[in-house]
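Engineer: Take a look at the letters that make up each chain.
There are 4 protein chains.
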Amino acid sequence: MAGSSFGNIFRITTWGESHGPALGVVIDGVPAGLSLSEADIQPFMDRRAPGNSAISTPRKEPDQVEILSGVFDGMTTGCPVSIMVRNTSQHSADYSAIKDIYRPGHADYTYDSKYGFRDYRGGGRSSGRETLSRVAAGAVAQKILKELGIDVCSYTLQIGPVSIDKSRFDRSLITSLPTCMPDSEADSEAMAYLSEVRENNDSAGGVIETVITGMPAGIGDPVFNKLSASLSGAIMSIGAMKAVEFGDGTAVACARGSENNDAFRMNGGSIVKLTNHSGGLLGGMSDGSDITIRSYVKPTPSIYKTQETVNRDGSETTVSISGRHDPVIVPRAVVVVESMCAVTIVDLLMTNMSAKMDSLKGFYM
Amino acid sequence: MAGSSFGNIFRITTWGESHGPALGVVIDGVPAGLSLSEADIQPFMDRRAPGNSAISTPRKEPDQVEILSGVFDGMTTGCPVSIMVRNTSQHSADYSAIKDIYRPGHADYTYDSKYGFRDYRGGGRSSGRETLSRVAAGAVAQKILKELGIDVCSYTLQIGPVSIDKSRFDRSLITSLPTCMPDSEADSEAMAYLSEVRENNDSAGGVIETVITGMPAGIGDPVFNKLSASLSGAIMSIGAMKAVEFGDGTAVACARGSENNDAFRMNGGSIVKLTNHSGGLLGGMSDGSDITIRSYVKPTPSIYKTQETVNRDGSETTVSISGRHDPVIVPRAVVVVESMCAVTIVDLLMTNMSAKMDSLKGFYM
Amino acid sequence: MAGSSFGNIFRITTWGESHGPALGVVIDGVPAGLSLSEADIQPFMDRRAPGNSAISTPRKEPDQVEILSGVFDGMTTGCPVSIMVRNTSQHSADYSAIKDIYRPGHADYTYDSKYGFRDYRGGGRSSGRETLSRVAAGAVAQKILKELGIDVCSYTLQIGPVSIDKSRFDRSLITSLPTCMPDSEADSEAMAYLSEVRENNDSAGGVIETVITGMPAGIGDPVFNKLSASLSGAIMSIGAMKAVEFGDGTAVACARGSENNDAFRMNGGSIVKLTNHSGGLLGGMSDGSDITIRSYVKPTPSIYKTQETVNRDGSETTVSISGRHDPVIVPRAVVVVESMCAVTIVDLLMTNMSAKMDSLKGFYM
Amino acid sequence: MAGSSFGNIFRITTWGESHGPALGVVIDGVPAGLSLSEADIQPFMDRRAPGNSAISTPRKEPDQVEILSGVFDGMTTGCPVSIMVRNTSQHSADYSAIKDIYRPGHADYTYDSKYGFRDYRGGGRSSGRETLSRVAAGAVAQKILKELGIDVCSYTLQIGPVSIDKSRFDRSLITSLPTCMPDSEADSEAMAYLSEVRENNDSAGGVIETVITGMPAGIGDPVFNKLSASLSGAIMSIGAMKAVEFGDGTAVACARGSENNDAFRMNGGSIVKLTNHSGGLLGGMSDGSDITIRSYVKPTPSIYKTQETVNRDGSETTVSISGRHDPVIVPRAVVVVESMCAVTIVDLLMTNMSAKMDSLKGFYM
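Residue numbers (numbering that gives the first Met the number 0), protein chains in the order written: chain A, 0 to 364; chain B, 0 to 364; chain C, 0 to 364; chain D, 0 to 364.
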């Protein structure tokens, strides 16, 4: 398919299907001299893994990462870092009942149209399990960013109609609450909503917000590799994403220039913006203020409710998706969005290093 | 900057600044045997050019395209098509007053941060004039798509608070009304709104909608080169874009799976969807129904109103942007969005040709 | 390092080091519907493995391939094919004696210069074991080419001063004789030469010839992605390669145009060339006749003879390379060259599919 | 064709045909802050232009470069540098006689096979005039390298059987003698040889040598983007190249390891090699010593002698190429090889900047 690689210098290539032997990622362009072990990656994998709450799929796998290359004596060598996770809980038999049915909202029909073939076992490559590879890569990117003072933080902003109240923002809750909301009251409300949705054999969508702090100004390459464009492509490549916005986002349509522009002022010798309607991006490049992104996730297409659909052979039928699935994807997608943002930024930080002749001279002379 | 190319097999490379000698694009991968002349491209350029109405910049240029390569005897040869437009109406002097000022909402500060340098003449490379190159490429892509029965149509959906009424949709109006709305009543309202905005030395934003019809199913490459991801990156690479959504877009957050999934049925031997919440995309690939996209454009950052800002040397100041600028970018951006969509689709149609072993055998054996 | 990927649509990404846990390759862009199993790949791996003769390293590993993704029910799915080989015979301890020494002719010094770090265990990523990944990818490419009637055949042309006699050419010998020469007399002579070389604690170089038959005319993309340029880059990316030539190669320097040009004639309704000085390439594209390539391999840099060198700390020393190494690389590199050629050709066959507007219309309309 | 771009961060995209309106190149990734004007580029163009001697085509054009973008106030801005040369001396009529004939040794047949179409005017895109774009890009790359203390020098090593004597090497002669040999005696001999060749309605080939000095060690990215592999692809992408070799090149086949390895020693605190059989490359990366390359150029395929060939319609015929052509391509190709080497090196110097975590931290912290 040749769509499995992302990035230019820091480039990830993912592989694997939901019910194949394993999934993984090759991360090329990891700089040499980064301390790295499985212990740096596993916590990110665990964030993506289903929890123990009512909103999680009963499919439980340890998702144990194994680093196969690129690390020697605990340090990266500059060689590609290959990371693999074995599948251990495949129940392919679960899917035989639907092997000829195009599930509504899934990629069954489009994969079959493209390849004349479809891996019906849990969606194959189009499964959410594919994101596991992105998270492994994201963990490495995050480790690099941490050394550069850049923080990427994603969390659940909204599930169905339930939004967080930012005055109650508590970052520590993101990794401890089942909804990945940084607000325990909203989390409780959202859990109640999800409980009701599940009882109705249905599913829910939501919104993930990402805030990136510590970015130097000027990151992103003009025209087609803008930071905004690269982040959009990165996020929208995640299954189930239907919209992405930066800063004031869709609200800019009704705003006036005088409301939307952010005034510049000086503060302690540094240039600052008095507001941040731009979401940290001007001309598609980082402007030094926080980058804010909202990603909109559709409701899980797998529902127990009976739906009308067709068979591969062109006969009409109905389907009710049994098997293991989450009533909402949002909480597990939080770390995936965060990972894609981290991977994107590391790559653009690297290409930025040769933007000035002075930088080249400083490096080589 | 190395961000000036887009696409894989059908690849465009743009160049040029607002006030340099010329702008242009090199389109590589144009298939041989396409009838092509300047007359195919000029109408698209004219759609991007400022109109004669009250909402247009007084900067008037013919934007005359010249094809410099890749066409012989009226047909493309398979060689790169190079297209150039000379700048004829540069008034660099207009900008000397702001040469050290970082204009709010513009890329002045971020370019200077990146390059230690800034082309203050009309924004240089970050100017909306850069999109001229995209439109020239889009015209070629559109000509290819037309021969394949694929139609890409963008129009103004909303300006400030004024939206079109789809029951009055008249496609012919898109290229005749100053707002590029397909609804003359909404156009009048929007013009009134813009008039008020302008009187207040301010500017307006809006929304562009794109509908792509005739797409075969299965276009787009899984994971990172999904059609959805590629289109998002393509659109968000256009200056002033702050959000993009497909199908039901941001509304999916509150929808339930049973509301958001589109049922499949048979119709005259073909598989059809009864609804199109997905916006023509499943698993990131085209599902054969119309692809629907909405792109959110921020208000023109150039306003006559006085704004607080800083100088390059770190001193605080104020600025009121005189010179030539539109009170709203939306109408001129319509053809730019359309162009980027067309370019993206042609490229993914090409990579799709080798998706099946049977296709390779059919071609070579 | 971001140099671990090769190809555009059919793209391989390799990973792994000589003494790490495993090596492997991700092959993206494999068309769906190709019958594929480990049994298709293993024979190619075995050709690369050391033999049992006197010219082979005593390091013996089964190099057992495992397909981790991209195949379902014995057929490729269009998803990336991930292939892994576990290292089972690492003796890292062998290398501790030379961990601070820059071995002459090896990449120790250049890796250390680049990364501030060096994996001294058998050369790490610069080891010949890296080519294992290329061969796994080559096996898949060869299977595709076979279905398209294209044959890629490499063999040893020369070892040290001993060349084959083409009048004795017997293809079946390539995979059975220790030298991979298609001529048993030359093989015996070469073995005697290698025996003498080995007794002198030294090593030998040689030449690999490749003949590609069945190529349609017009493959390769003009200017930078010429078939000739792509093959050159592919072959010269193999360690130890010092020269590559096509057709008459270096001899063209002394030839005259009238001697070097190949006349065209008709034969049974087809255009043929009366000679093939061009080596099957005109304007860098395949001309329908056999493509002929010669690749020059330097003598194994690891020799038992004592050599002058320096330590990492800048002190002078001497080194005699003990451990496991071949007196000649050529026979094991034969299948590596063949593999890189096959991978290159598959990719260019794919990009060629959209070269004409008629092809696009034939595919989509 | 999508083969018109070369490089990753420092990326050139060329366009134009022999008899179209113009030719040019877009250079993306030029660092900001490089002093640049047409005067920096023109001398390189003039080196590529035919001279006034007996060995030059009578086609005389000024090849006047025009910089269309990327430079402001005499300095590069970080935006793509677009350079154009208008064709002024096209005599398309010269070619009408051969418009249906496939000229032996030319790309007529392969272009027609690929595109179903052929630009018969002087070879179209396959003409040597295409290299003009490479030289313009090379001039910019050379200017960057000069600021980094890296020198790329190509010259004619051999024409037909006449080689230079290195004991007479005089660099200043390269740009003053008609053969571009750095040895006036060899130049005289070569001119005599060419005179004889021409009288016989024939043409000659030759060899170009390139020496690159001042390279830091560690440049080039392991595996597929090795400096050796990248340079090979770059050089072999030039029309008429049939072989390329590094250091001892083809001679390594007969050498022994003890003869081919270069011993390391210390010299004034620096690591040096006592010999340079490797041609400045170990493991495909620069080893700090001079990089030496030889490129083999076939005799000009255009000859006055009558040759057998076929027509487009499949009828046999003969052809004698009248019109303007050089009896030898070598002298004009010298600056083309030099240019491709310079472009390749700049790109790999840039990607090398993020090879170490320490470099990233040094840049951003």
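By construction, these hints were calculated from the structure, which means they are not laboratory data.
These numbers were taken from a predicted model, which means no experiment stands behind them.
Please note that a few of the clues may not be correct.
Identical copies look the same in the list; a pair holds intra-copy or inter-copy alike.
Unchecked claim - DSBU-like cross-link-like pairs, simulated, lysine-lysine; straight-line CA separation at most 30 Å:
id: 1; residue 1: K304; residue 2: K145
id: 2; residue 1: K304; residue 2: K142
id: 3; residue 1: K98; residue 2: K304
id: 4; residue 1: K304; residue 2: K165
id: 5; residue 1: K360; residue 2: K142
id: 6; residue 1: K165; residue 2: K98
id: 7; residue 1: K304; residue 2: K360
id: 8; residue 1: K165; residue 2: K360
Engineer: Determine for every hint whether it applies to the structure shown.
Structural biologist: Here's how the hints hold up against the structure:
Taking identical chains as interchangeable, the C-alpha atoms of K304 and K145 are never at most 30 Å apart, the minima being 44 Å within one chain and 41 Å between chains. In the homo-oligomer, the alpha carbons of K304 and K142 never lie at most 30 Å apart, since the shortest distance is 42 Å inside one protomer and 44 Å across protomers. For the homomeric pair K98 and K304, the shortest alpha-carbon distance inside one copy (18 Å) is at most 30 Å, but the shortest distance between copies (62 Å) is not. Neither within a single protomer nor between protomers do K304 and K165 lie at most 30 Å apart by alpha-carbon distance, with minima of 35 Å and 32 Å respectively.
Taking identical chains as interchangeable, the C-alpha atoms of K360 and K142 lie at most 30 Å apart whether they share a chain (28 Å) or sit on different chains (13 Å). Taking the closest pair of Cα atoms, K165 and K98 never come within 30 Å of each other, the shortest separation being 45 Å inside a single copy and 40 Å across copies. Taking CA atoms no more than 30 Å apart as the test, K304 paired with K360 passes in neither setting, with 64 Å inside one copy and 42 Å between copies. For the identical chains of this complex, K165 and K360 are neighbours neither inside a copy (46 Å) nor across copies (33 Å), given an alpha-carbon limit of 30 Å.
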